[in-house]
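Engineer: Residue numbers (numbering that gives the first Met the number 0), protein chains in the order written: chain V, 0 to 307; chain D, 0 to 307; chain W, 0 to 307; chain U, 0 to 307.
None of these hints come from the bench; they were simulated from the model.
You may find that some hints are simply not true.
Claimed, not checked - No more than 30 Å apart at the CA atoms, straight line, and that leaves these computed lysine-lysine pairs for DSBU-like:
# : chain 1 : residue 1 : chain 2 : residue 2
1 : V       : K284      : W       : K306
2 : U       : K284      : D       : K306
3 : U       : K306      : D       : K306
4 : W       : K295      : V       : K306
5 : V       : K306      : W       : K306
What the hints assert, rightly or not - A few chain U residues that face chain V, going by a derived Cβ cut-off under 7 Å, partial list only:
# : residue
6 : I97
7 : R100
8 : S103
9 : L238
As the list claims (entries may be wrong) - These stretches of chain D come out as covered by chain W in the derived footprint (C-beta under 8 Å, 3 or more residues):
#  : region
10 : 8-19
11 : 186-199
Note that the Cβ used here is the ideal one computed from N, Cα and C, for glycine as well.
There are 4 protein chains.
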Amino acid sequence: MEEKPSRVERPRVESLDEILGQPLDVLDDGFVRVVDYMGADDSIVQAARVSYGKGTKQVHEDRGLIRYLLRHRHTTPFEMCDIKLHVRVPMDCWRQWIRHRTASVNEYSTRYSIAIDAAQETAPGDWRMQAAGNRQGSGGSLEAATGARLTEREAELHALARDVYQERLEHGVAREQARKDLPLATYTEAYWKVNLHNLLHFLRLRMDDHAQLEIRSYARTIGHEIVSRWVPLTWQAFLDYHIGATSLTRLERGVLQAITAGHPDEALRLAESFGLLARGADGLKRNRERAEMEAKLAEFGVEVPWKE
Amino acid sequence: MEEKPSRVERPRVESLDEILGQPLDVLDDGFVRVVDYMGADDSIVQAARVSYGKGTKQVHEDRGLIRYLLRHRHTTPFEMCDIKLHVRVPMDCWRQWIRHRTASVNEYSTRYSIAIDAAQETAPGDWRMQAAGNRQGSGGSLEAATGARLTEREAELHALARDVYQERLEHGVAREQARKDLPLATYTEAYWKVNLHNLLHFLRLRMDDHAQLEIRSYARTIGHEIVSRWVPLTWQAFLDYHIGATSLTRLERGVLQAITAGHPDEALRLAESFGLLARGADGLKRNRERAEMEAKLAEFGVEVPWKE
Amino acid sequence: MEEKPSRVERPRVESLDEILGQPLDVLDDGFVRVVDYMGADDSIVQAARVSYGKGTKQVHEDRGLIRYLLRHRHTTPFEMCDIKLHVRVPMDCWRQWIRHRTASVNEYSTRYSIAIDAAQETAPGDWRMQAAGNRQGSGGSLEAATGARLTEREAELHALARDVYQERLEHGVAREQARKDLPLATYTEAYWKVNLHNLLHFLRLRMDDHAQLEIRSYARTIGHEIVSRWVPLTWQAFLDYHIGATSLTRLERGVLQAITAGHPDEALRLAESFGLLARGADGLKRNRERAEMEAKLAEFGVEVPWKE
Amino acid sequence: MEEKPSRVERPRVESLDEILGQPLDVLDDGFVRVVDYMGADDSIVQAARVSYGKGTKQVHEDRGLIRYLLRHRHTTPFEMCDIKLHVRVPMDCWRQWIRHRTASVNEYSTRYSIAIDAAQETAPGDWRMQAAGNRQGSGGSLEAATGARLTEREAELHALARDVYQERLEHGVAREQARKDLPLATYTEAYWKVNLHNLLHFLRLRMDDHAQLEIRSYARTIGHEIVSRWVPLTWQAFLDYHIGATSLTRLERGVLQAITAGHPDEALRLAESFGLLARGADGLKRNRERAEMEAKLAEFGVEVPWKE
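Could you build all of it, start to finish, from the sequences and the hints given here?
Structural biologist: The following block contains the structure:
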């Protein structure tokens with residue numbers, strides 16, 4: 000790195016510039032739009048090469064280097080890209096969003112200004128049922144008539160909440176106090192700036208099927224509509240190595256090895272030793288870790304050597 | 000530091016141990032309680048002395064060293080103490096709290112469990128008026144009759160919100176969706192762990208008169224009831240050097256110097272050059288920076304050499 | 000969570016208390032010792048249960064819950080435990096250590112005090128050869144005679160560096176400048192406080208075979224001697240789900256599925272479409288991703304359907 | 000904020016673009032150059048206005064708003080600007096730099112590549128003496144003859160260190176180990192990305208007279224040559240409210256008030272009650288806090304009512 004490099008231009012990404020500033024709709028009244036960004040796939044490569052020194056330029060091409068970095072969790076070069084989004088999102092959803100701490104935020108202030116006059120509304124067909132197997136998820140929709148009734152009641156509640164808010168303001172109550180009973184679904188807006196490494200972490204958690212539908216909708220829009228345009232090489236690597244990857248625990252590896260090597264008895268012994276095969280009156284006791292293992296092995300057409 | 004030090008005991012703070020686990024009431028139905036802590040005033044001294052090497056033990060005594068560190072913003076030793084609180088707080092207030100990013104948090108999940116059946120209620124005399132001079136503050140109370148009416152309406156809204164929530168749950172709506180219209184004032188609970196440096200930063204902002212009454216109530220309880228017991232030397236230094244301190248800008252210093260040196264003309268010239276003395280039809284234009292300067296100089300009995 | 004909980008005791012860990020303050024030797028003249036800690040396996044469970052509400056206590060037992068949390072990357076409860084270490088470590092190694100940003104640090108100051116009179120020394124048999132396949136690793140030892148020669152030269156350099164340092168100090172050169180040519184291997188000391196989540200991340204990277212021997216020695220001591228005593232349930236889960244786990248990329252899953260389902264042609268097509276089977280004059284071109292895939296499949300006794 | 004805003008352009012700063020990529024020399028062989036940036040003074044205003052809602056645009060003009068934000072520590076809008084620098088800096092200095100944790104870093108790797116063949120050299124006139132009053136500072140220069148001798152010895156040490164390093168590499172020692180005795184003054188390079196808020200914090204500490212000359216040289220170049228071009232309004236506000244400001248402690252305010260109000264006896268009582276006036280055999284004992292107070296009061300021409 001002896002030669003001092005000369006003047007550079009800021010990297011630009013044509014395909015992202017095309018949508019700069021344009022709101023991408025999410026939910027009934029939300030949006031995400033890109034306000035600014037810094038860096039591109041190139042910048043990741045450039046930062047990584049500072050670490051490697053100049054001698055290595057010939058060896059790796061950009062795509063290969065980016066994929067290598069992401070596959071092997073060399074995360075720092077991905078911090079060299081930043082994006083700034085303007086989002087409009089229900090406060091309820093924002094409460095989850097804001098738990099990602101490594102980002103910069105300026106949120107619309109309902110102390111300073113009157114609250115945005117909009118709350119997320121639910122169409123009759125969009126009421127989701129509590130998931131059976133998962134205490135924190137949802138699955139399936141309520142039947143139409145019930146949905147219609149709940150949507151009516153939602154409108155009633157929104158109307159009362161808005162009336163009460165207005166009434167307080169008209170009587171001169173401070174905005175900071177008047178807002179106290181707004182519904183959690185009230186929309187807020189914010190500027191949210193995050194680096195690419197932390198954004199990918201956010202997407203990994205929030206694009207997932209276990210994430211709540213609302214934040215998942217934002218995450219998928221950000222991923223598929225924005226990140227894919229901004230850093231296409233990184234995005235593909237992310238799909239290949241994070242979203243589409245799976246992890247095998249020490250035990251799952253051991254059991255899979257034993258079975259593929261033709262030693263089902265060894266697989267049994269291992270599962271036993273990890274406490275996965277405890278039995279009750281009616282066969283094997285429910286065991287979450289075992290269920291997860293069985294699902295993974297099934298993906299590879301491998302049958303487990305124990306019976307329910 | 001050549002000698003390897005021998006076995007140590009974990010530092011304990013008797014006066015904090017006395018209230019460990021005990022909820023301290025805040026607002027109508029909130030609390031703060033200490034769950035655990037690490038370190039004490041001693042630990043700050045000990046960490047600072049790692050930096051200084053052993054030779055300096057005789058020179059400073061603990062109190063002096065802590066005060067020196069805090070006065071001169073040597074902040075790292077204060078990171079060596081941690082405290083873990085269990086808090087119960089309205090979500091509205093929690094939204095402000097959580098913006099302090101350098102803390103660890105586990106919050107009660109209304110995806111996983113049914114929401115806590117309590118929202119902050121406002122007594123008729125506790126409705127605060129919008130502040131006149133400050134767009135984001137409050138000041139004074141509404142008169143009793145209006146307050147009574149607003150409190151009634153608040154109860155009506157809380158009741159409807161709770162009914163709608165129950166109705167959704169009874170129809171099998173997923174908890175994550177059923178909660179969407181809970182009032183912002185609904186109580187939540189969380190474990191919040193923070194180091195002393197970041198806690199003092201939190202307290203500096205949130206104990207301040209400009210902070211909203213609700214979070215200010217929590218901050219003052221934490222400061223006066225908890226931190227004062229935990230690290231009394233640090234607490235006193237914090238009151239002396241942060242809470243009770245004031246800052247003079249470059250311009251304020253210049254004007255104060257000029258006036259105390261008997262050069263009011265120079266003070267005028269300075270203020271003019273900073274654009275603080277722009278005039279309109281009816282005298283000096285409103286200028287926030289000038290107003291702040293005048294308030295500070297008045298504290299020291301100094302009259303400014305310009306006229307409204 | 001309606002009942003307000005009563006007084007609690009700080010959690011203690013007997014097996015960790017036994018070694019509190021005792022230096023555990025690392026390298027020729029370094030050490031790690033535990034100065035203080037907060038929390039235990041119990042505290043992780045307790046924090047997680049704040050999220051879940053009280054109703055769930057019967058369902059999970061502690062061990063199962065901790066394993067579930069770690070397996071599914073529910074990381075926040077692990078932030079609820081903290082540990083404070085006093086370490087003595089060569090500056091060269093410390094330069095890597097300090098790159099982990101989410102920790103609190105007080106380091107011995109060579110501006111303030113005279114540098115510690117010790118630098119890491121290399122025994123004749125401990126000179127490591129540059130790794131062949133890995134540009135940033137080492138492998139194998141130099142032969143004895145060369146090692147002896149290099150050790151002699153190291154001593155010569157250390158002696159000169161120390162002389163020059165002393166000379167500068169004797170002539171009244173400021174400590175901050177006098178230190179400028181100390182060898183990177185000079186020992187420093189620091190207090191390092193980190194939460195369990197971030198510590199596990201540190202250990203995952205630094206206990207790894209790819210980490211440099213020096214920092215790996217510290218990491219393994221911290222892991223095997225300290226964390227294993229402090230939070231034994233978490234430690235075991237960490238070995239099972241992080242250290243002993245492996246990850247299969249989207250492509251690796253696809254290829255493995257195709258092969259186990261008896262469709263080697265499909266596996267070939269997939270690998271081809273990912274660009275892993277490019278050919279040069281003498282067969283398949285070197286491809287790092289393909290090599291990694293082959294190694295993983297071999298672990299499960301699966302032969303790849305392509306030939307070198 | 001009801002209207003969804005339309006397409007935007009990325010903010011550009013002409014005066015910064017002019018020096019993009021150009022190395023600004025620091026020390027004998029170091030540099031700083033801007034590689035990329037995001038945002039401008041405008042972006043701070045824009046982010047702040049998200050908080051305030053659109054109604055306020057007319058009230059504040061940009062300059063006034065930026066100054067208000069900085070004066071009142073509304074720090075989040077300043078996080079909305081980022082800058083990426085390429086720096087070349089002695090490792091010794093980098094050790095201080097890297098302690099600022101809220102930045103992203105890619106450093107030249109001497110595990111991966113051969114170390115940069117340059118170490119900071121000291122001209123005969125540049126040897127600094129240990130400060131008398133400040134254990135961690137320097138002041139004044141050594142006399143020429145001594146300086147010349149020390150510079151010679153420095154060259155001797157650098158030569159031996161380089162020889163030993165080369166020798167190790169030639170014998171096949173791994174780069175990660177070969178580097179262990181390089182002088183701390185060896186140059187390294189890095190990409191360093193930081194947001195404006197954290198950069199100002201860095202500059203406040205490192206432009207200060209108490210910072211070591213080396214890092215101060217970098218900080219001043221970054222401040223005066225780069226930040227001043229990038230965000231000129233913020234830079235001026237920073238000079239006025241941070242660099243040029245002073246702080247008065249609770250006690251200093253009290254004493255100054257008492258004196259200016261004509262109550263020197265009250266000032267005495269206060270100082271006494273704070274323990275600043277302890278006496279020994281030969282008058283007042285040395286007391287750092289008192290000395291600091293006296294210096295501040297002297298700035299305003301105020302004489303203290305106690306005698307040495």
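Engineer: Determine for every hint whether it applies to the structure shown.
Structural biologist: The hints, checked one at a time:
1. In summary, the hint linking K284 (chain V) to K306 (chain W) is not supported, as the alpha carbons are separated by about 46 Å, beyond the 30 Å threshold.
2. This hinted pair does not check out: K284 (chain U) and K306 (chain D) have alpha carbons roughly 46 Å apart, beyond 30 Å.
3. With a C-alpha separation of about 39 Å, the suggested pairing of K306 (chain U) with K306 (chain D) is violated against the 30 Å cut-off.
4. The hinted pair formed by K295 (chain W) and K306 (chain V) meets the criterion: a straight-line CA distance of about 28 Å does not exceed 30 Å.
5. Simply put, K306 (chain V) and K306 (chain W) have alpha-carbon atoms about 39 Å apart, too far for the 30 Å limit, and the pair is violated.
6. Interface hint status for I97 (chain U): violated, as the beta-carbon distance to the closest one in chain V is roughly 12 Å, over 7 Å.
7. A least Cβ separation of about 11 Å between R100 (chain U) and chain V goes past the 7 Å threshold, and the interface hint is therefore violated.
8. At its closest, the beta carbon of S103 (chain U) sits 4 Å from a beta carbon of chain V; the interface hint therefore holds under the 7 Å criterion.
9. For L238 (chain U), the interface hint is violated, since its Cβ never comes within 7 Å of a Cβ in chain V; the closest pair sits about 24 Å apart.
10. Judged by the Cβ-Cβ criterion of 8 Å, the region 8-19 of chain D is covered by chain W as claimed, because 5 of its residues qualify and three suffice.
11. With 5 residues bearing a CB less than 8 Å from a CB of chain W, the region 186-199 of chain D meets the requirement of three and the coverage assertion stands.
Hint violations for this structure: numbers 1, 2, 3, 5, 6, 7, 9, all remaining hints satisfied.
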